[in-house]
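> In our numbering, the protein residues as written are 106 to 424.
In case anyone wonders, no lab produced these hints; they're calculated from the structure.
It is possible that part of the hints are untrue.
[Said to hold, decoys possible] The list that follows gives simulated cross-link-like pairs (lysine to aspartate or glutamate, EDC-like), each with its CA atoms no further than 16 angstroms apart:
#	residue 1	residue 2
1	K166	E120
2	K226	E183
3	K277	D214
4	K418	E384
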Amino acid sequence: LDEKFGFGNIVGHSEPMLKILETVRRVASSDIPVLILGPSGTGKELIANAIHQNSPRAEGKFVAINCAGLSETLLEDELFGHVKGAYTGATSDRPGRFEHADGGTLFLDEVGDMPLAMQAKLLRVLENGEVVRVGSNEPVRVNIRILSATNSDLAEKVSQGQFRQDLYFRIKGATVELPALARRREDIPLLIDHFISQINATRGTKIKGITAEARRLLMSYDWPGNVRQLRSALENMVAMAQGERLTVEDLPAEIYAPPGQAFAGDLQELAGISLEQAEKQLISNTLKMVSGNRQQAANILGIGERTLYRKIKEYDLNE
């Protein structure tokens with residue numbers, strides 16, 4: 106994807122990611138608002154930054170703010186800034202994120218958690234192109250593009266009165282929905298290699314790769330924390346690695362169960378079924394994990410592609 110789209114650190118060749126990158130390519134050249142949806146850790150800010158870097162505003166600033174966990178007062182001060190004397194401790198004028206992003210892009214992460222009163226103030230900025238610092242009556246003109254992201258269902262929040270409908274329609278000019286990592290497992294090998302290379306460059310380490318078994322376990326894990334969790338796991342693995350290649354011994358405990366424990370679990374799961382049924386189940390699950398990519402499935406299973414083709418036909422597997 107880097108070569109095709111020139112979008113920096115976005116990695117993947119799965120069908121969902123190819124569709125997302127095609128959408129990103131189209132919306133980047135315009136100035137319309139974009140709403141990026143997806144679970145936590147899927148890379149929403151990475152997508153937002155890619156849109157900015159490939160837009161006519163690329164020479165301007167990309168300014169991000171997380172709207173979650175901030176009180177209404179603090180969020181207003183961060184977004185709008187203040188003038189000297191606006192409140193106790195305001196010893197000088199300070200521009201907010203809107204002004205910092207003038208001529209560029211403002212990324213509102215977790216916009217669904219923005220308090221209703223702040224939503225009304227944001228809407229006025231989008232309609233008028235002006236901000237007023239806390240403690241001032243003087244409007245300041247700003248020229249910004251708004252990109253927003255959330256891991257919640259904004260339409261549902263609108264129906265429950267927790268998010269303004271007029272603001273919702275204003276910020277969702279185009280929508281990009283990122284899948285959970287478990288829904289694009291075929292991208293995990295690329296992500297592993299990409300992150301190892303990045304970690305080597307930033308930490309000065311010299312990890313040359315990862316064993317096939319460790320890679321298989323990383324691909325079979327569900328990744329509730331998505332891409333962020335994968336990167337964090339690899340950072341820890343690189344830090345603790347004993348050799349030049351990452352192995353199963355370097356995997357975090359939540360991913361790699363001790364052999365005895367794993368064997369006991371396998372016995373419980375496979376009890377009462379034949380060897381042929383167990384093999385069929387293993388092949389079927391592996392094919393699903395890699396979205397039907399037979400070459401990847403064969404590599405994970407440790408068999409040749411011809412053998413896999415024969416087994417698929419023998420077991421009449423519907424990929």
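> Against the structure shown, which of the earlier numbered hints fail to hold, in ascending order?
Hint check: 1 fails alone, others pass.
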